[in-house]
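Could you use the hints to bring the two separately framed chains together as a complex?
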Amino acid sequence: AAADAAVMPSLKTLRGQLAALSIAAVVILIGVPLWWRTTETYRAWLPVSQIQELANLQLQLSADVEVVFARGTVTPEQQKKVPLTLTQDDEHVVDGDLRTTICDLMVTKYEGCKVSNVLNSFVSRGHSVEADLSLHTLSESPCGSLVVYVIPESSSLLPEDVDVYVGQRRTALLRIGAQTRVGRTLEQLLSHLEPRVKQVLQVMSFSHTDITAALSDRVRLSPGNKESIADSMRAFKSSPGYEITFSLLNPDPKSHRLHWDIEGAVQTYIQPLLRKLAPLANFSIDSQTLYYAMLGVNPRFDSSRSAYTLNSDSLAHVINPVEARLGSNAASSNPVLNFLLYVPDAHHSPLHINDHKKQEVPSNAFHSPRWGGIMVYNVNDFYGPEAAFPVDINIDMAKVMGVFLAQLRLLLGVQSSAPPPRFLVAPCSSAGIADWELDRLMWSRSVENIATATTTITSLAQLLDQIGNIVINDNIAQQVSSAVTSLQLAVAELESGNLRFALQYSKEAILASERAFFDPSLLHLLYFPDDQKFAIYIPLFLPMCVPILLSLLKIVSDARQRRREKHAKAD
Amino acid sequence: MAAPLTLLLILAVTIRAALYRSSLADLIAERVEVVSPLTAWKRVVEGLALLDLGVSPYAGDVFHETPLIIYLFHFLVDYAEITFMVTDVITAVALYLAVKDYNKQVFRKQKYALEAERYPLDCLELIRSPKEMYYIPLKVAMFYLLNPFTILSCVAKSTCGLNNAVIALFILTTIKGNVLLSAIFLSLATYQSIYPLTLCAPALLYLTQRQYIPVNFRRFSFWWFVAQYAFMYLGSLFVMICLSFFLLGSWDYLPSVYGFILSVPDLTPNIGLFWYFFAEMFEHFRLFFLCVFQINIFFYTIPLSIKLKEHPVFLIFMQLAVISIFKSYPTVGDIALYLAFLPVWSHLHRFLRNIFLVSCVLLACSALFPVLWHLWIYAGSANSNFYYAITLLFNVAQVGRTVTETKVHLAASVSGFVYRSCCLTVT
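Top to bottom, those sequences are chains A and B. Anchor point for the first sequence: position 95 equals 95 in my numbering, and the numbering is continuous, going up by one each time. Anchor point for the second sequence: position 9 equals 9 in my numbering, and the numbering is continuous, going up by one each time.
Extracted from the complex, chain B is given alone in its bound form (with noise of 0.2 Å):
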C-alpha cells in the first residue's frame, strides 16, 4: 500500500505547489468561503508583523488563532507553503493509518459475530469483503488529498489545515488505543478551537470498549478510567495554555480568541449560519441566541452518545459533522476532513436514498457561492438574502445527508444485529 500512497502524496503535493506558483493563489486566499476571521493567512502575517514590533499581536483585533501557532510559524514563515503541503499530507497519512487500524478492528469482531452465527440470513448483503476494505484507507487519504475544498484551502494557507492535522491526528491515536497521545492531541486540538471538546465522548466511548471496560456508570473501573482521561486531557491543556501565557508574557490571548469564538463579534460572510442571523438579531436578544447556537453544537453529544454507543468511530464522524457546519467560522477546509470519512462506511451508500439529491445541492451551492458573492459585492444586483439562501441550502444538505447517514447507519447496525462475515480472513 506504501506505493500508491505515495503516489497520490506526489499527485497532491504538485497539484498544491502549481496553484501556488499560479495567480489563483492570492484570489483563493481572499475568499470569504475559504478562509474566515480565524483562520486568514493575512491575519498571520499581521500577528507576526506585530509581534515582531515588539507589540500583542492580539491588539488591535486583527489576529485571532493560537500563540503558539504564532511562534510555529516565527520560524516557518519563510516556508510557509512548504509548512502547509506538510501538513496536509500529514493529515492524509494519519488519516490512512487510522482508517487501515480501525478496518482491521472491524474484521476481527465481523469474524467473532459470524462464528457466534448472530447474523440473519438476509443480512449477507451488507457484509463486507476483504477486498473492498483493502482499498478503503487509500480512498480516504484520496478524498482528503484530492478534495478542491482541501486544495483551496492549502492554497489559500489557511490555518484550518493545521487544526485538521491535529483532529487527525487524535483520531489515529485514538483507534490505535494509546490514551495518553489521544488526550494530548485532543487537548491541543480544543486548545485551537473550542469545540473538539465534545469529541471527548466518543474518545472515552472508543477506548473504554479497545480496553474492554463495560460502559456502565455503575461500575467503579468506568468512572476511573474517565478520571484518568480528563486528567490527561486536562493536564496538557493546562499545560498548554500556561505555555501560551509564558510565551506571550499576557493573557490578552484568552479574550481575542475564545472570546473572538465564542461572542461572535465578527460578522463577515462566510459558508456559516451565524454572521446572517446576527447581523438582524435585536441588541436586547443577541446574548440569549447567542447562547443558544452555542449550545446548539454541544447539544447532541449526549442524545448521539447514547444512540450510538456501540459505533464510536461513527460517532467521531458525526460530531465532526456537527461542528463543521454549526460552529460559528466554518470554512470549506473544515468541511473537507469530515468528508474524507465517507469511503469508510460507503457499503451503506446504496441505502442511502436522497445521495443524488444532495451530492447534486452541494455541487450546485459550492458553484453558486462565488457567483453570488460577486452578485451581491461587485455587481450590487443581489443582496444578503441571495448568499445566506445559498448557505442554507448548502448547510441542509449536509445536514440532510448526515441524518440520513446516521438513520441507515444505525438501522443496519440493528436489523439483525449485523456485524459482519468473516469468512475470509484478513490479509
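Extracted from the complex, chain A is given alone in its bound form (with noise of 0.2 Å):
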C-alpha cells in the first residue's frame, strides 16, 4: 500500500504534465501557423524590376523625314549616290537625378526621283499652296513623320524672302542655299542639308524645349524668363477627356433679349477642330445662359474713346465672382474649359478690354491660363436710343467662334510661338489646326502622359514597398501590370516612330496607373499600426497563456531537480 501511495501521486504528476505539454503542443503547433496564415496582408505579386527599368526614363522619339530631292538640286550622278537612309540621333540628358534622358533620332530618308515629276512642275512656276496642296494627293505621310521637299534656289514657288515654307499637312519646302552652288559635292550637299531639315523637324515635330516642357511634372526645370513660365503654365495638363462649356452671359434682359445660335456654331466651327483631335482626348460640349451674371468689376467710363474700360489689372477679378454661378457637369473628374460671352448691360456699354499698354485689344476678349476664356460683345451698335426694350440681337456667332477657336487652341496646348526667321507658315485649314500641329502636340501629350504614368508607378511601387500595411488585390496587381505593359509598349512605339500607337497606349497607361493609385482597397489596413494588433491579441492570449507557461516551468524545473536528485543519489 505505501508503494502504491508512492507510485500514485508521480503518476498523478505525471498525468498533469502530459495534460499540460499537449495543450503547449496544440498551441504552438496549431496555434502559430493558424495565427500566421490567417493575419497577413494579401499582396499580391507586382513586377517590381520591370518598374524599377521603367523608373529610369530613357525615352527616345524616331521621327521619320523623307527628303525628295527636286529637278536642278542634284546632278543626275550625284542622284545615284545618295545614301537611302541616314540616321542622325541626339542625346539630351534632361535631368540627371531622374536619369531621364530623351534621345531624338531623326531618320532621314533620301528620295532620289520619286515624286519629283510633279514637284518639277510647280519648280518653275505655281504657288506654293497650290503646290502643297497637290503633292499631298501624291503621297499621304503617317502620323509622326515629314515629307521635306527640296527645290532649287532659282525657283520662284517660294517669295524671295522665304527659304522655307511649312504646309497644312506634313509637308514642307525647303529653298537650298545660295552658298553652296558651284561645284560642290554630295557630301557638302548633304552636311548642308542636314541642319536646315533639322530646324524644319524643331518647328514641325519637336524640339529640345518642347519636350522638356512636357516633362515639367516629373524634372524641376530653371524658371526661365516671363513669358516661358507664363507660356508653360497656360494648356491644360493632359487629360483622357475635357468639357467645353460655353456660357452666355446677360446681365441686362430687359434690355436685351439675345438669341445665339450655339448649336450650329459649334457644329460648324468647333467641332471640325474637336473631330481633329479625337485620338487625343475625349470632349463633350455643353451650353448655357445665365441671366442677371454681373461682372465682378466696376468699368471705368474713358471720355476720350466714349466707352467703359476694362483694365489689364482688374481682370483678374472678373472671373472669381462670375465662377460661382457657373453651372458645371459634375457627373465626370474630367478638366473643364469655360467660354463665357458677356453682353454688357445698356448702361455700361460699350465695354473694351485694354491691354498693358493701354491699348483696345482688337477682340476684346483674354483667356486665363488652365480656365478658359471671357470674351465681351458690345451690342449697342445694333439699336439707336429710342428702340423699344428690350431689343432682340442675333448675335454673330462666326465673330464669337472665332475668338472662342483661337483661345481653344492655346488652352489645350497647340503652340503658337513664332517661327524662326525666313519661314512662312501655310494659314490653318477649314479644321482650325495643321497636321503638323497635331502632330507637335501628340508627340508632347505622349511624352507628358508617359513621364506621368512612370512618376505614378514607381511612387506606388515605393509606397506599396515601405508600407507594408496595405492591401494588394488582385485587381489592383492587374492594373499595375497592364500599365507597366502600356508603359513598355508606348516607349517602343515611340523608338519605331508610330506615334499615334504610342500616344493610345500612353493613354491606356495613364489610367491604368491612376485607376491603381487610387484605388481605396488599398487602404483597408493601412491605419492599422503593429501595437493596436497586440492590443487585439493581448487580452484574449495573455491570461490564457499564463497558466500554460507557469506549468511548463514547472515541469522544467522539476525535471531539472529530479536530474539533480539522480545524479545525488549516483553519487
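Straight-line C-alpha distance at most 27 Å; calculated DSS-like pairs for lysine-lysine:
| no. | chain 1 | residue 1 | chain 2 | residue 2 |
| --- | --- | --- | --- | --- |
| 1 | A | K12 | B | K309 |
| 2 | B | K309 | A | K554 |
| 3 | A | K12 | B | K307 |
Calculated from the structure, these hints are not laboratory results. Just so we're clear, the structure is a prediction, and the values are computed from it rather than from any experiment.
Right under this line is the structure:
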C-alpha cells in the first residue's frame, strides 16, 4: 500500500504534466501557423523589377523625315549616289538625378526622284499653296513623319525672302541655299542640308524645349523668363477627356434679348477641330445662358473714347464671382474649359478691354490659363436710343467662334510660338489645326503621359514596398501590370516612330496607373499599427498563456530537480 | 422505482401542456435565450413551408437544421407539441436508466476496492451508501424534467430538445456497453451539431474500460477497438449524410447547416460568447478568431481525457458542459442537459467551496437576462454591453462551477485512491 501511495502521486503529476504538454503542443503546432496564415496581409505579386527599369525614363523619339530632291538640286550622277537612309541621333540628358534622357532620332530617307515630276512641274511656276496641296495627294505621310521637298534656289515657288514653307499637311518646301552652288559635292550638299532639315523638324515635330516642357511634371526646370513661364502654364495638363462649356452672360435681360445659334456654331466651327483632336482626348460640349450675371468689376468710363474700359489689372478679379454661378458637369472628373460670352448691359455699353499698354485689344477677349476665356461682345451698335426695350439681338457667331477657337487652341496646347526667320507657315486648314501642329501636340502629350504614368507607377511601387500594411488585391496587381505593359509598349512605339500607337498606349497607361493608385481598397489596413494588433491579441491570449507557461516552467524545474536528485543518488 | 418515475413524468407533461395552452407559449418561443437561429421552431415551420412549395428549404438562409429533422416534422408537424413532450420524456427516461446502470457499476467498484482494502481510514466519509444512491436516478430525471430551462425550451418547441434526446440515448447506450448503438447515436448527435464529436474520447475510454481493454497506446487491442468504433461511427455518419442528400436532392444543406455552425454569420445576441465578439471584430482578424473560438471547444478534449482517464462518465459531463458553454449558438436547453447530471456527484458537493456563490450568480443572471434585454431593445436605455456583461457573468459562473467540480472530483478520487466502500450490498 505504501508503494502504491508512492507511485500514485507521481502518476498524477505525470498525467498533469502530460496534459500541460499537450495543451502547449496544440497551441504551438496548430495555433501559431493558423495565426500566421489567417492574419497576413494579402499582397499580390507586382512586377517590381520592370517598374524599376521604367524609373530610368529613357525615351527615344524617332521621327521619319523623307527628303525629296526636285530637278535642279542634284545632278543625275549625284542622284544615284544618294544614300537611302541616314540616321542621326541627339541625346539630351534632361535630369541626371532622375535619369531622364531624351534621345531624338531623326531618320532621314533620301528619295531620289520618286515624286519629283510633279514637284518639278511646280518648280518653275506655281504657287506654294497649290503645290503643297497637290503634293499631298500623291503621298499620304503617316502620323509623326515629315516630307521635305528640296527645291532649287532659283525656283519662284517661294517668295524672295522665304526659305522654308511649312504646309498645312506634313510637308515642307525647303529652298537650297546659295552658298553651295558651284562644284559642290554630294557630301557638302548633305552636310549643308542636315541642319536645315533639323530646323524644319524642330518647328514641325518637336524640339528639345517642347519635350522638356512636357516633362515639367517630373523634372524641375529652371524658371526662365516670364513669357516662358506663362507659356508653360497656359495649356491644360494631359487628360483623357475635356469638358467644354459655352456660357452666354446676359446681365440685362430687360434691355437685351439675346439669340445665339450655339448649336449651329459649334457644329460648324468647333466640331471639325475636335474631330481632328479625337485621338488625343474625348471632348464633350455643353452650353448655357446666365441671366443677371454681372462682372465683379466696375468698368471705368473713358471719356476720350466714350466707352467703358476694363484694365488688364482688373481682369484677374472678373472670373471669381462669375465662376460661382457657372454650373458644371459634376458627373465627370475631366477638366472643364469655360468660354464666356459677356454682353454688357445697356448702361455700361460699349465695354472695351485694355492691355498693359492701355491699348484696346482688337478681339475684346482674354483668357485665363487652365480655365478658359471671356469675350466681351458689344451690342450698342445694333439699336438706336429710341428702340423699344427689350431689343432682339442676334449674335454674330462667326466672330465669336473665331475668338473662342483661337483661345481653345491655346488652352489645349497647340503652340503659337513665332516661327524662325525666313519661315512661312501656311494658314490653318478649315479644321482649325494643321496636321503637323496636331503631331506636335501628340508628341508632347505622349511624352507627358508616359512621364506621368511612370511617376505614378514608380511612386506606387515605392509606397507599397515601404508600407507593409497596404493590402494589394488582385485587381490592383492587374492594373499595375497592364500599366507597365502599356508603358513599355508606348516607349517602344515612340522609338519606332508610330506616334498614333504611342499616344494610345500612353493614354491606356495613364488610365491604368491612376486607377491603381487611387483605388480605395489599398487603405483597408493602412492605419493599423502593429501595437494595436497586440492590443487585440493580448486580452484574449495572455490570460490563457499564463497558466500554460507556468505549468511548462514547473515541468522544466521538476525535470531539472529530478536530474539533480539522480546525480546526487548516483554519487 | 417505476411508480415515482411515472408520477414525475405525468407531472412534467402536465406542466408543459398547461404552458402550451397559455399565452406564454408565444412569448417564450421568441426569447433569444431559449431559441437560437439553429433551433427556433419558427424557422422549422418556414423550412417546411419552403419544402411544400418545392423549393429547397435552405434557400433564403432561414432554416439551419439538418434534413432529417425537417423530414421528421414533415410528418409530425401537426403533433409538434406532443413530439417535444415525448422527446423530453425519452431524455429523462434515458438519463434515469443510464444513471441507474452507472450507479451499479460504481457500487461494484467500491465493493472490490473495499475488499482489497485500498481505502485509508480517513476517507470513509466519501464512501457512499446505497440509500443515497437509490434515489439518484430519480433525482437526475427530476432535475432534467422540472428544470425551468428545460420547460422553457420545450414550450418554445426548440429542436434543442431533440438534440438532448439523442445525446441522452448515446449516454445510455454507452453506459450499457453497446458499442454499435453508441456509435450510431453519437454519429446522429454529431450530424445534428458538430460539437458532440468531442464525446468520442470519453465514449472510447468508457467502452474500453468496460471491456477490460487497457488504455495503452502500445497495445494492439486498444487500437483495434478504436478502429472498430471509428469505423462504425464514420460509417453511420456517412450513411446519414448520404441519406440526407438523397432525401433533399442536393448538397446545399452542408454549407447551410455545418457552414452556419462553424462560420457564425448570424450575430443575434444569445447567451453565448460569440455574438458580441464578432460584432466588433475587425474584418481582417475575423477568420483567425473564428478558428480560435472553434478550436477552443475541441481543445479541452485531450488534456481532460488524460487527466480524467479513470472517470469517463465525469468526462462526458465535463465535455457536455464545455460544449454548452462554448458552442457557437448556445441556449438554455443545452445547459439543462448537463445540469441534470449534478445529482450523480452530489456526494462531492460538500467540498465545493463556492457552490453558494455560483448558484446565486446563475440564478441572478437568469433573472437579469430578460430585464436587460427589455432595457436594451425596448426601453433603449441600455446597450449591448449590459446584456453581454450578464452573458459573460453567466458563463463565468458555469465555468467556475465546472472547474471546481473537476478539481474536487480529481482530489476526491486521488486522495488515498478512494473507491467506495462496499460494506453494503447493492439491492
